[in-house]
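S.K.: Generate the whole structure from the sequences, applying the supplied hints.
Spelled out, the chains give:
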Amino acid sequence: MASTTPTQIDTAPPVAKSGRSTGRAGDKIFAGLSKGSGILLLVIMASIAAFLTYRATIALSENEGNFLTTFDWNASANPPVFGIAVLLFGTVVSSVIAMAIAVPIAVGIALFISHYAPRRLAAPIAYVVDLLAAVPSIIYGIWGALFLVPQLNGLNLWLDEYLGWTYVFDKTQVGVARSLFTVGILLAIMILPIVTSVSREVFLQVPRMNEEAALALGATRWEVIRMSVLPFGRSGVISASMLGLGRALGETMAVATVLSPSFLISGHILNPGGGTFAQNIAAKFDEANEFGRDALIASGLVLFLLTLLVNGAARLIIARRKDFSGANA
Amino acid sequence: MAKRIDVSGLSAFYGTHKAIDDISMTVEPRSVTAFIGPSGCGKSTFLRTLNRMHEVTPGGRVEGKVMLDDENLYGAGVDPVAVRRTVGMVFQRPNPFPTMSIFDNVAAGLRLNGNFKKSELGDIVERSLQGANLWNEVKDRLNKPGSGLSGGQQQRLCIARAIAVEPQVLLMDEPCSALDPISTLAIEDLIGELKERFTIVIVTHNMQQAARVSDRTAFFNLAAVGQPGKLIEIDDTDRIFSNPSVQATEDYISGRFG
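Top to bottom, those sequences are chains A and B.
Each residue of the first sequence is one higher than the one before, counting from 1 in the numbering used here.
Each residue of the second sequence is one higher than the one before, counting from 330 in the numbering used here.
Which chain A residues face chain B? A few, computed with CB under 10 Å, are given here:
#: 1; residue: N210
#: 2; residue: E211
#: 3; residue: A213
#: 4; residue: L217
#: 5; residue: G218
#: 6; residue: A219
#: 7; residue: R221
#: 8; residue: L230
#: 9; residue: P231
#: 10; residue: F232
#: 11; residue: R234
Listing some non-contacts, in silico: residues in chain B with all C-beta distances to chain A over 10 Å:
#: 12; residue: D398
#: 13; residue: Q459
#: 14; residue: P510
#: 15; residue: Q556
If you're looking for bench data, these hints aren't it; they were derived computationally from the structure.
Heads up, the beta-carbon is just placed ideally off N, CA and C, and yes, glycines get one too.
M.R.: Quick look at the structure:
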């Protein structure tokens with residue numbers, strides 16, 4: 001006993017000290033790394049914004065047309081005339097169509113996987129939906145152009161025939177379905193997996209006791225979903241939709257492959273033609289001269305701002321009913 | 330309003346595991362019956378068979394009969410959803426709907442059951458909150474979220490929600506175990522008032538609580554971990570706590586095990 005005590009006294013403090021000091025060094029390194037990553041992210045964001053703004057200003061100062069209202073894109077001409085009206089319209093319309101189709105279906109699939117499907121069916125379905133996200137967008141584009149476009153002719157005729165009175169579905173132009181409507185359907189398929197899997201995760205996180213509260217009151221399965229699952233998952237579904245919307249707004253290859261671009265704004269969404277920001281940049285970038293690229297960058301800046309705006313709006317919607325979100329339960 | 334519960338030969342399973350074995354008992358209307366026993370003895374499982382909540386758990390299965398007056402809850406063609414509208418339940422942890430206001434929480438069950446006029450709904454909500462001794466504390470903030478209340482208030486809100494639909498029976502699964510002593514006292518007083526109108530069954534880990542609130546006490550026990558829980562005896566609460574007829578009950582209430 002007496003002989004072991006001194007050795008303990010001798011060895012214990014250095015071990016403890018070195019253990020603590022490496023802990024401190026590790027702490028410092030980790031804190032520095034995470035702080036550095038955070039700063040790096042801000043620097044990257046700021047430099048992208050600065051780059052876009054700088055190049056966009058060059059283009060905008062030379063523009064002979066009105067950037068917001070001109071229905072044309074002749075940036076390489078002399079004098080240059082270009083405007084984003086058609087692109088903004090096309091981007092918003094195709095994304096809205098995509099959201100209108102994808103979000104209800106995605107919520108339905110997510111509810112089925114999380115609350116209706118038997119367990120051995122739920123996992124494979126979830127896997128297949130996630131697999132949709134792994135398909136590269138150019139594949140969607142080729143599939144859309146070679147399969148979806150010809151297949152949609154029948155649907156277009158039907159919509160024109162029975163819903164033509166709504167103006168929106170009135171097809172006034174002959175031609176294959178290389179329209180904003182087709183693009184919307186294609187985008188809907190592309191954003192379906194992300195919206196579905198995020199919604200599914202949220203629905204699975206609904207506390208068991210909230211669902212049991214509804215069950216014990218004599219709620220049917222649908223009533224349980226309406227009373228506790230959907231309200232709890234509401235903000236999650238909004239976030240999921242915004243992720244999907246972000247992808248739809250920025251989607252390039254699939255849109256460029258399917259759409260037959262034209263610089264026209266038409267409320268008849270079945271008519272071929274129109275354009276989106278990303279599609280226009282992809283189509284024009286190669287042939288554009290230095291100034292033309294600046295003009296395209298200016299349109300890219302608008303897309304950037306549009307995405308920021310959409311995200312901000314989503315955050316507002318979520319924050320507005322924060323007290324009732326279930327996060328403080 | 331209140332109905333008699335008559336259970337005979339009831340066993341409940343989780344998958345292949347038998348959780349409770351062959352339980353028979355009678356619960357009189359307008360009385361409080363307490364279930365006591367060590368953890369894992371199946372008293373909560375048994376409680377959940379009384380409103381068919383047990384089968385909600387994946388693999389949950391029940392054999393035997395539960396008669397509510399003349400109706401077998403497990404009879405062919407009986408809709409479990411309808412059963413749960415007649416047999417209300419209050420859970421261990423207060424679980425008001427976090428996305429609903431106080432008013433909507435109490436009205437939730439009513440809205441499931443059918444169409445009420447707005448004034449009618451308001452009356453029932455007020456009466457239920459008064460019945461749960463919560464009205465004076467929340468009457469000025471009925472449209473605030475229920476999750477903003479204290480734990481004890483939330484639990485009384487859950488009781489108000491359960492009694493708003495005028496159930497025949499009220500089941501309580503350790504309703505005070507997450508609450509402080511003052512809130513516990515408030516709930517216990519409330520149980521005393523509610524038994525004038527409802528048949529009440531309460532699971533509790535607190536033997537003093539069982540002695541304070543109940544008319545009858547049932548003691549559950551299990552032979553060993555992994556064995557099914559059994560009903561050891563059910564008797565008047567006074568007798569259980571003074572002179573039980575089974576030695577195991579005496580050992581349990583005197584703190585010799587459990």
